[in-house]
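Asks: Those sequence lines, one after another, are chains L, R, E and F. Take 1 as the starting number for the first sequence in the UniProt record's numbering and just add one per residue. Take 1 as the starting number for the second sequence in the UniProt record's numbering and just add one per residue. Take 1 as the starting number for the third sequence in the UniProt record's numbering and just add one per residue. Take 1 as the starting number for the fourth sequence in the UniProt record's numbering and just add one per residue.
If you are wondering where the hints come from, they were derived from the structure by calculation, not from laboratory data. Bear in mind that the values here come from a model prediction, so they are computed numbers and not experimental data. One thing to keep in mind: the hints can contain errors.
Repeated chains share a single entry, so a pair holds when one copy, or any two copies, can fit it.
Unchecked claim - Distance condition first, Cα-Cα at most 25 Å in a straight line; then the derived SDA-like pairs of lysine to any residue:
1) Lys-106 with Arg-75
2) Lys-106 with Val-36
3) Lys-106 with Ala-94
4) Lys-91 with Gln-76
4 protein chains.
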Amino acid sequence: MALRFTVPEMEAFLAEVFPQVEGMFGIDRMDEELLVMRLHEDERHLRPGGTVSGPAMFSLADVAAYVATMARIGRQALTVTTHCSIDFMRKPVAGRDVLAEARMLKLGRSLSVTDVLLFSEGTDEPVAHASLTYAIPPAKG
Amino acid sequence: MALRFTVPEMEAFLAEVFPQVEGMFGIDRMDEELLVMRLHEDERHLRPGGTVSGPAMFSLADVAAYVATMARIGRQALTVTTHCSIDFMRKPVAGRDVLAEARMLKLGRSLSVTDVLLFSEGTDEPVAHASLTYAIPPAKG
Amino acid sequence: MALRFTVPEMEAFLAEVFPQVEGMFGIDRMDEELLVMRLHEDERHLRPGGTVSGPAMFSLADVAAYVATMARIGRQALTVTTHCSIDFMRKPVAGRDVLAEARMLKLGRSLSVTDVLLFSEGTDEPVAHASLTYAIPPAKG
Amino acid sequence: MALRFTVPEMEAFLAEVFPQVEGMFGIDRMDEELLVMRLHEDERHLRPGGTVSGPAMFSLADVAAYVATMARIGRQALTVTTHCSIDFMRKPVAGRDVLAEARMLKLGRSLSVTDVLLFSEGTDEPVAHASLTYAIPPAKG
Numbered sequence: 001m002a003l004r005f006t007v008p009e010m011e012a013f014l015a016e017v018f019p020q021v022e023g024m025f026g027i028d029r030m031d032e033e034l035l036v037m038r039l040h041e042d043e044r045h046l047r048p049g050g051t052v053s054g055p056a057m058f059s060l061a062d063v064a065a066y067v068a069t070m071a072r073i074g075r076q077a078l079t080v081t082t083h084c085s086i087d088f089m090r091k092p093v094a095g096r097d098v099l100a101e102a103r104m105l106k107l108g109r110s111l112s113v114t115d116v117l118l119f120s121e122g123t124d125e126p127v128a129h130a131s132l133t134y135a136i137p138p139a140k141g
Numbered sequence: 001m002a003l004r005f006t007v008p009e010m011e012a013f014l015a016e017v018f019p020q021v022e023g024m025f026g027i028d029r030m031d032e033e034l035l036v037m038r039l040h041e042d043e044r045h046l047r048p049g050g051t052v053s054g055p056a057m058f059s060l061a062d063v064a065a066y067v068a069t070m071a072r073i074g075r076q077a078l079t080v081t082t083h084c085s086i087d088f089m090r091k092p093v094a095g096r097d098v099l100a101e102a103r104m105l106k107l108g109r110s111l112s113v114t115d116v117l118l119f120s121e122g123t124d125e126p127v128a129h130a131s132l133t134y135a136i137p138p139a140k141g
Numbered sequence: 001m002a003l004r005f006t007v008p009e010m011e012a013f014l015a016e017v018f019p020q021v022e023g024m025f026g027i028d029r030m031d032e033e034l035l036v037m038r039l040h041e042d043e044r045h046l047r048p049g050g051t052v053s054g055p056a057m058f059s060l061a062d063v064a065a066y067v068a069t070m071a072r073i074g075r076q077a078l079t080v081t082t083h084c085s086i087d088f089m090r091k092p093v094a095g096r097d098v099l100a101e102a103r104m105l106k107l108g109r110s111l112s113v114t115d116v117l118l119f120s121e122g123t124d125e126p127v128a129h130a131s132l133t134y135a136i137p138p139a140k141g
Numbered sequence: 001m002a003l004r005f006t007v008p009e010m011e012a013f014l015a016e017v018f019p020q021v022e023g024m025f026g027i028d029r030m031d032e033e034l035l036v037m038r039l040h041e042d043e044r045h046l047r048p049g050g051t052v053s054g055p056a057m058f059s060l061a062d063v064a065a066y067v068a069t070m071a072r073i074g075r076q077a078l079t080v081t082t083h084c085s086i087d088f089m090r091k092p093v094a095g096r097d098v099l100a101e102a103r104m105l106k107l108g109r110s111l112s113v114t115d116v117l118l119f120s121e122g123t124d125e126p127v128a129h130a131s132l133t134y135a136i137p138p139a140k141g
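Excised from the complex, chain L in its bound form (with noise of 0.2 Å):
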């Protein structure tokens, strides 16, 4: 189906509506077929020997499976995670952004299902594999 964001219109929505996280993500590459989202390295996100932490892989997941969805059917503010389940499966590699590739794998009229897969920039092996559910509410007749 034809994604009805362009990159710039979606990083541009994302600043609107995540002000508190502007400038952490970026979009490398996004069509019907894959997302690449950056976590862009950044102290606040790091654990001690630099490398980056759960909770910020989490916050990259989840932000794409977010983009994935809203590229999908369009502005739905009301649109929210409802389950989360990922495995930490390697130590981030310290001093490299982390990249998010995901691929939506259901999409339904009242959730979408996405498969993500986070990788240390440059490195072939994934550091964390998540599945994320996004609610997404009802249209209004």
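Go by the hints and put chains R, E and F onto chain L.
Replies: Quick look at chains R, E and F alone, frame taken from chain L:
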């Protein structure tokens, strides 16, 4: 089993290992049966409408499972989250702290499993429910 | 909220909708606070060593969440599991029935979330812990 | 990494360790990149309407993650599932086998993480998506 930290000792330990989140969390109760932690309301964690964000709730559940584990095994800096499954069930009440009730379901040699219920302070129905697994590094001979 | 089934009514309903598993499960207690169901020991569910298999424990958690939901909403044949997260924490005790304690965490219009703890009968430490989401079809106008 | 079983060897191993489910599963493909397993249509697994049950899909995902792990580490009878998160996304097509595509995301010394997508044979959209963790016992010195 007896806990290896008092509340002030645990607060000092958290400030030491996670300086980035200093002031974000408090410990209301910590004993063998139950741990209660608090996410202080703070505009950094808010979503439009004034409710606490999903990532901030994840952070609270994650730190509560960490504290519950550390309280039992003692300082083990390399203990890391390997899995979290979280259901977001209700919108948190605006303007209230979010409290986490954490119960240790299993403490094995190599992993702990903690159940966490999150509530808006002063309400009875949970806003979220999480289960977290921490991997405990092998003790050095 | 008052339940819409008595135990014998629920047992008859299960036998009607799931004839394949007749005799596999029993209901020990069903009230507003707690549902307790039982997986009868049966060699079909066993693994080498005589312990109950993971799929049999999943089945018990799944049917318990279904019964807890049906008890509150009444017969809705199209209600289906949309998510299950389950931690297997200990080996079940050989030769004992497995019991499920199910608590409804959320009952909304379109979904229910149920927490389930599984125990080998006569023991205190849970063998598994699950959280299940059921999707409830829209009521017909 | 090279696999330690051929398909006939793995089928013989499964028949040996899980005699209760003999004939329930088949292996369509097993190599380093991908494992494809099959749940043979069988009235024991069916729900009203002729679709495959949730527990039967869980069983398929669980055995696929087990086979993917065993194929890499060799016979380790004590390897057990510690976690499964599964999303049921669509109703399986009546009268078709269900196929599992399993990919190993992580193989560590003490655990494996496997991603599994389930499809009704001949269709493109997954009916379910699971992530499973197996605990691998320490090698004997």
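Asks: Are the hints correct? Go through all of them and say.
Replies: Hint check results:
Taking identical chains as interchangeable, the C-alpha atoms of Lys-106 and Arg-75 lie at most 25 Å apart only when both belong to the same chain, with a minimum of 18 Å there against 27 Å between chains. In this assembly of identical chains, Lys-106 and Val-36 lie within 25 Å of each other by CA distance both inside one copy and across copies; the values are 18 Å within and 21 Å between. Only between protomers do Lys-106 and Ala-94 lie at most 25 Å apart by alpha-carbon distance; the minimum there is 20 Å, versus 34 Å within a single protomer. Within a single copy, Lys-91 and Gln-76 get their C-alpha atoms only as close as 35 Å, which misses the 25 Å cut-off; across copies the closest is 16 Å, which meets it.
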